[in-house]
Amino acid sequence: MKDEEVSYIDMTKGDILSGFKMFYDMATFAPVSFRNSYESAANNDPNREQARIKVKDTDANILLIAGTEDMMWQSDVAAQNIYDKRPENFEVLIYEGAGHVFFADWYFNAGNMNMALGGDIKRNGKAGHDSMKIIVDRLEKWHSQDN
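Position 138 of the sequence shown, counting from 1, maps to 211 under the working numbering, and the rest follow consecutively.
It is possible that some hints are incorrect.
[Stated by the list, open to error] Straight line, CA to CA, 27 Å or less: simulated DSS-like cross-link-like pairs of lysine-lysine: (1) 195 - 206; (2) 158 - 214; (3) 158 - 86; (4) 86 - 127; (5) 129 - 214; (6) 127 - 158; (7) 127 - 214.
[Unchecked claim] Simulated restraints, written as ranges between beta carbons of each label pair: (8) 216 - 161: 14 to 24 Å; (9) 153 - 78: 24 to 34 Å; (10) 101 - 212: 36 to 46 Å; (11) 104 - 132: 24 to 34 Å; (12) 211 - 153: 16 to 26 Å; (13) 129 - 166: 12 to 22 Å; (14) 134 - 202: 18 to 28 Å; (15) 161 - 185: 24 to 34 Å; (16) 194 - 75: 37 to 47 Å; (17) 100 - 129: 34 to 44 Å.
It is worth saying that the hints were derived from the structure and are not from the lab. Please read these numbers as outputs of a predicted model, since none were measured by experiment. Glycine included, every Cβ here is placed at the ideal spot set by N, Cα and C.
Put together the whole structure using the sequences plus the hints.
Structural data, given as structure tokens:
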């Protein structure tokens with residue numbers, strides 16, 4: 074792996090309409106969602122299998138957390154796809170109605186750009202509260218002195 078290029082999804086493989094919408098939103102200072110562009114590129118890139126995060130041969134405990142309304146990228150779909158490849162020692166938490174960030178409202182002002190994160194303040198807050206308890210529990214369980 075040393076000195077080898079890491080495979081990735083090429084965003085130029087996405088369809089032109091999703092790219093246009095993203096750039097239009099940037100130009101008009103509307104909240105920008107990257108999800109459609111990422112989904113389109115992931116579906117169209119012939120290199121997608123090489124770019125996939127492979128976890129099949131690991132013994133690690135894995136916890137993936139996502140929201141169904143993530144407007145940054147398809148984290149809920151990706152989490153489920155990764156789980157489907159190796160369900161052993163793997164947990165997926167997908168929060169209905171939550172976005173990309175579990176402690177904020179559906180968009181974030183990043184200076185010159187409004188970024189669409191998805192969800193709403195109530196569902197994001199609940200997902201953040203619930204998932205933090207689970208994260209702490211799993212870290213204690215998986216990394217305790219008794220293991």
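**OP:** Taking the numbered hints from earlier one at a time, note which ones the structure violates and give those numbers from smallest to largest.
**Re:** 11, 15
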